[in-house]
Amino acid sequence: MGYLLGVILGTLLVVLITRLWSFLVYVIWRPYAITKKFREQGIMGPAYMLWSGSIKEIISIRRASEGVVLDINSHDITPRVLPHYTKWISLYGRTFLYWFGPQPRICVTDPEQTKQVLSNKFGFYIKPEPNPIIFALMGKGLVFSEGSDWARHRRVVNPAFAMDKLKMMTKSIAKCAQSMIEGWQIQDESQEKEIEFGRQFQELTADVISHTAFGSSYKEGKEVFLAQKELQKLALATFFNIHLPIFRYIPTSRNLHKWKLERKARNTLMRIIQSRFDSKEAGYGNDLLGLMLEACTSGHYGGKKEDQRMNMDEIIDECKTFFFAGHETTSHWLTWTTFLLGANPEWQERLREEVLRECGKEIPDADMLSKLRLVTMVLFEALRLYGPVVMMQRKADKDMNLGTLQIPKGTSVTLPLVIMHRDKEIWGADANEFNPFRFQNGITKAAKHPNALLAFSIGPRACIGQNFAMLEAKIVLAMILQRFSFRVSPNYKHAPADLLTLQPKNGLPIILSPLNA
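In the numbering used here, the protein residues as written are 1 to 517.
Hints are computed from structural coordinates only; laboratory data are not their basis.
The model shown is predicted, which means the values in this text are computed figures rather than measured ones.
Possibly wrong hints are sitting among the right ones.
To be verified - Restricting the straight-line Cα-Cα distance to at most 30 angstroms, the calculated cross-link-like pairs of lysine-lysine (DSSO-like) are:
(1) K260 / K140
(2) K87 / K115
(3) K222 / K140
(4) K361 / K87
(5) K222 / K171
(6) K140 / K398
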């Protein structure tokens, strides 16, 4: 008995020592070795602090910038949105190494290196695993899946975003926009009304994605959106926490709340899915949900079998992804575009003239929308200055060469879009100014590099919904411009904030004036 106990204790001791050694290598030796490797290449950065890395410094710098309010005409938002990057670039240059806990991150802003990271077809630059609450928020859908899983999901959902399908959604999107506009209720044309547009666009885009992708409505999917809002707050509250895998299974108050929100979202999605199952005699439909259910039940979509199957958990994760991404990003795109037009009345008038010339007072159709060149230019400029995504990250899945840089396996490559979209060497001396004319010859000729605009990303992982988002944004803007003039309220405080997506910290109050009939 004593011998057996000794063997067990000896084994446990070996396991404990092995784990402790691995931990010490991870938090001490590896950071030292990686720092040394980058220094030999001339890459510097803030010092690594045991376990926390650069996190304490990031929090301190960000906290100092929280109260900053910018001038309404100032579009150089980097010192407010990424103040730690602003400081480190001034100290170490535009390529630097920093640490998120024991995880190394290298900031890269060179467009050719960026293209190499995002266009890599061999999967050596993968998406780093996010905060567990982000997984709960968005699911492991197209945004976070990798390899064959990502390819299989992409094949299933891709037909839902074909241009002929998108054109068929025009009336549905316009109907949702009409409902929002009717709710503004300005009775006297001589009067004005102040409306918080950020909230309006959030509800509108949620209604649009519910109708067009899931055959439901904002009212039916409201529990999903509310749960995702709460999960978004949780994710922000824990954004700078270092997450050990075991912590996600411990029933802390935060985890219990997360699990409750996950159940609420899942139950609502299951009701929407079940409703489609109940009407399957008429077919599942050719929207996003219908295509996924077809892949789940038959596995024969498009003449293929196993490589296009999806199970129910994958469908629910994909629903989470599209419910969130399908409304969160577009709503803020519309919000910031409205802000820019409200602050630049001469451009607002240019766009209104174009809309009235091409569409009159009619509900815009796909052909009319294709002729709105100025509207398109303004939307691209809004994406450049205030794109919903502040930065992107990829992780080296093996030792890689990135241009002249040697990137060790496990290093995350950070692409700070807010900084890159304001690079004067790429965009010109007016990079911090609102100038939609830079896009008059299209995206690829707007700057000195054809891939300078990265709001939708590039390469195989480019946003699958970018044409849908553009269609929606054009319809909504056109319908507002047909009916109202508007300006930014004096109550607005220009304080852009990175809250997972770039948004006005205190909302966007807009003063609306109805146009004379």
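So which of those numbered hints doesn't the model satisfy? 4
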